[in-house]
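> Please dock the two separately framed chains into a single complex, following the hints provided.
Residue numbers (this note's numbering), protein chains in the order written: chain B, 278 to 381; chain H, 28 to 177.
Bear in mind the hints are in silico, worked out from the structure with no lab data behind them. C-beta: ideal position from N, C-alpha, C; glycine also. Treat the hints with care, as some may be off.
[Claimed, not checked] Below, a sample of chain B positions facing chain H; criterion: calculated Cβ distance under 8 Å:
#1 ASN306
#2 GLU331
#3 THR332
#4 SER337
#5 THR338
#6 SER339
#7 PHE341
#8 LEU342
#9 ILE347
#10 PHE348
#11 LYS349
#12 GLN351
#13 PHE352
#14 ILE355
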Amino acid sequence: MAGIKVKAKLKGGVVKVKAMAKHAMMTYNMAEKKTGSRDNANFITHITATVNGETVLDMSTSQFLSKNPIFKFQFKGIGKKGDKVQMIATDLKGNTLKGKGKIK
Amino acid sequence: MERRKFLSMTLGALALAVVPASVRAEDFRKSKPAVWSAKSVDDAIKAMYGSNDIKFEGIKLTAPDVASNGGAIPVDFSTDLDVKTIAVFQDANPEAAVLVIEPTKYSVNKYSIKIKMAKSGTITIVAQGNDGKLYGAKKTLDVALGGCEG
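Pulled out of the complex, with its shape left as it was, chain H reads as follows (with noise of 0.2 Å):
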């Protein structure tokens, strides 16, 4: 078990060594660990953009208001601002950050996703103009069960 265990991460880290540095913009969870170890959405988004100082405008949130499947909810979100990264987080989990997501020049931000969720809570979505603003959207719902198993 050992031996196919060091194997198979052999091979996926020269996999992941034939990845071409260009497609690869920045990984931010090397960049800023902070933020994926983060335990509430205020610490999560302080380690990402290092400051709250959050205008609640500008971003579509769109989320069930009951979520039946804590396992897969569907949330939805864009925005017509003019962002540099888009951070989504909920305070559900025991981290508070799901993803972080960087724009590219092609990028019309509009995107679909789905997400775990133990109990009710609430989504936060975090954008940074590239006025270097930061722009949120909130959305509170009940999830009736929860898809983190514990």
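Chain B extracted, bound-state conformation (with noise of 0.2 Å):
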């Protein structure tokens, strides 16, 4: 199974996400032109990012992100030097993506 690489950084008391997850993110379009059918479509539908148990980022999204989606985000007032990120993705098909990184 496929997951999601995590990259983080702190700086400035802002840490730094970098993440890219593994998937074809294939469109309606995509399904029906290449299998022939819109129901093989399959895409990440929502991503969210927790330190120490708390949100961090909360992300619904539809088909038209890139293939292997890559995203940046910032947060700060939680998370320090070691702590990790966890990041989890749902798709259209329920599979889940996992990741995780130390904060560096």
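What follows is the structure in structure tokens.
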């Protein structure tokens, strides 16, 4: 099962996170063209990131993120060096992708 | 094939069930399904916020003027406003909505994402402030090679 790569860096009190989810992000149109059925479309629909059990990112997404989407976000007030940023993504078919990265 | 499909779906459902409820704040795909099926940006914004009265200020949006690859267009956006939600729309694809972010109390509202666009079009970002007002930013760009493959 594919996962999410997470890189996090603490600088000036703000943690910057860079994450890449490995996912084909098949749109309905692509699915129809390639497999003949729109039902084969599959893409990430929800992404969350947590640090020490607190949510730092909550994002609902559609089929129009790029393939293997990269996203960057930032947070402050929580997380110190060595803490882990955990990310979970859910796709349309109900699969979950997980990943974590230490804050450096 | 059918059986395999069934099995993977069951597993998927199980995996979903173990995600603690506290981690998932609001799933906008479930709470506002109309947003995701809306064909035009205006309809999507209306479905999301119930209004089209947007002030185009307070939000910074950066995207290339010409995107050579429509499959991965870098879009950066940020705001210093105190916002409840931030939503990204575009008018080049069959449906308008790209994503909705619900900032938490820890969020620094500065994001970079990559999106797909099938043809040239306009990216619209709309955020709802804690004051209830809508703030937005727009950027029109040319896409040389469409990213949605039709």
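> Are the hints correct? Go through all of them and say.
Each hint, compared with the structure:
| no. | hint | result |
| --- | --- | --- |
| 1 | ASN306 | 5 Å, holds |
| 2 | GLU331 | 7 Å, holds |
| 3 | THR332 | 5 Å, holds |
| 4 | SER337 | 4 Å, holds |
| 5 | THR338 | 4 Å, holds |
| 6 | SER339 | 5 Å, holds |
| 7 | PHE341 | 5 Å, holds |
| 8 | LEU342 | 6 Å, holds |
| 9 | ILE347 | 5 Å, holds |
| 10 | PHE348 | 5 Å, holds |
| 11 | LYS349 | 4 Å, holds |
| 12 | GLN351 | 4 Å, holds |
| 13 | PHE352 | 4 Å, holds |
| 14 | ILE355 | 5 Å, holds |
Hint compliance for this structure: no hint is broken.
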